[in-house]
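**Student:** Listed below are the residues making up each chain.
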Amino acid sequence: MCAPKPCPLALARKQQGFSLLEVVLSAGLASLMMMAISAGLVQFNHHKLLAQVVVRAQSQGQLAVAQVLTDWQGLCGLGVTSGAAHTITLMRPYQGRCMQYDYGYDGRGHSLTRRRLGGRNSGFLAQVEAMELYYGVDSNRDCRIDQWRHRYQIDELAELHQVRVFLQLRLPTSKQLRVAQVGQWSWHPDEAIVLHPVNFIWRLTNVCR
Amino acid sequence: MHLVQLPWPQQSRQNGLALIEVLLSLGLSSVMFLVLFTAQAYSQKVLIYSQQLHFANGLLDQVANQAWAYPKHFQLLASASTSDVQCLHGRYCAPEAMTQAWAAYWQSELQQLPNGALSVLCLSSCLPGGTLLLGLMWSQTLAPATDDCQRGVACVHLSLAL
Chain V
1 MCAPKPCPLA LARKQQGFSL LEVVLSAGLA SLMMMAISAG LVQFNHHKLL AQVVVRAQSQ
61 GQLAVAQVLT DWQGLCGLGV TSGAAHTITL MRPYQGRCMQ YDYGYDGRGH SLTRRRLGGR
121 NSGFLAQVEA MELYYGVDSN RDCRIDQWRH RYQIDELAEL HQVRVFLQLR LPTSKQLRVA
181 QVGQWSWHPD EAIVLHPVNF IWRLTNVCR
Chain C
210 MHLVQLPWPQ QSRQNGLALI EVLLSLGLSS VMFLVLFTAQ AYSQKVLIYS QQLHFANGLL
270 DQVANQAWAY PKHFQLLASA STSDVQCLHG RYCAPEAMTQ AWAAYWQSEL QQLPNGALSV
330 LCLSSCLPGG TLLLGLMWSQ TLAPATDDCQ RGVACVHLSL AL
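As you go down the protein sequences, you meet chains V and C in turn.
Mapping of the first sequence onto the working numbering: residues 1 to 209, in sequence order.
Mapping of the second sequence onto the working numbering: residues 210 to 371, in sequence order.
Hints are supplied without guarantee of correctness; some may be wrong.
Examples of chain V residues toward chain C, derived with CB under 7 Å [what the hints assert, rightly or not]:
1) V54
2) I145
3) E156
4) L157
5) R203
Treat the hints as calculated values from the structure; they're not laboratory data.
Built from N, CA and C at the ideal position, the CB exists for glycine as well.
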């Protein structure tokens, strides 16, 4: 029996604690594991944010293009009557009548606006940081675009064929994504917002047909 | 007492984990992390591929519009010759110069796709009644092999009836 007699010293020590080497090794392993876990969590979070922005950029971009093109199709009367870099005026049917509509960019509200003649401005497309328009005109009536300019006024000399639309959409996101390079996107200088460029061409189908 | 009579080695075995158990659990955790990281890296690549496809579709749509605008200069749309960039910013330009300016613009846009290349081909003829095939290809490891493209090359095509 061991109880009445004192146990050997070496055996008792081995049971009661860890050696310095064991402590150092386990601490090292634990810190490695913690680092891997933290890096994994940061990476997962970054990936989640990126996926959200990508999906939102694609859907919002497609929606913006579809909304503008749908609104500008089926013109009546003179069609596009005038335009500048940030505004365009065109004729669209409304309740059986041909009405003038003004489209523009509202910088304060970050949106595109639409106004029927005699009416009020109403939001047409939200979350827009910038809009720029170029008008492709045929100035010698040979059915070829020979000039892309910022201004257009309907007259007998120049005929409008296409409009290039440059939009910059705002995609609110987390600042944590800011550290990463995100393809063709840029960051808003002051806010946690990704700016997503959406460029498309509106072709006036009734020209030269 | 019976407990007191138990030999030492048996008691210590019950109180803690063996080194092999610790090592096995660490190994399993590392494998799990590795699998998770690999899955995430793959998912990130898929995201990038999806974004590239989205961009390529938008670009092809714009090229198609210019193909309609300059029906006699299709081939120039895919060339990389020198051009006057002012043609797209207000200057009056002849159709040929305008097409070259667009070609230069597409080339600059294509920089966003790795090894991106634009092709414009007339199937049968370039006359009314023929078909114009616009194609865009770029390097993408995730792209599967198709009839027109080999594995590792992503391709997007658009056919236009002239």
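**Student:** Hint by hint, where does the structure go against what was stated? Just the numbers, ascending.
**Tutor:** Violated hints (numbers, rising): 3 and 4; every other hint is consistent with the structure.
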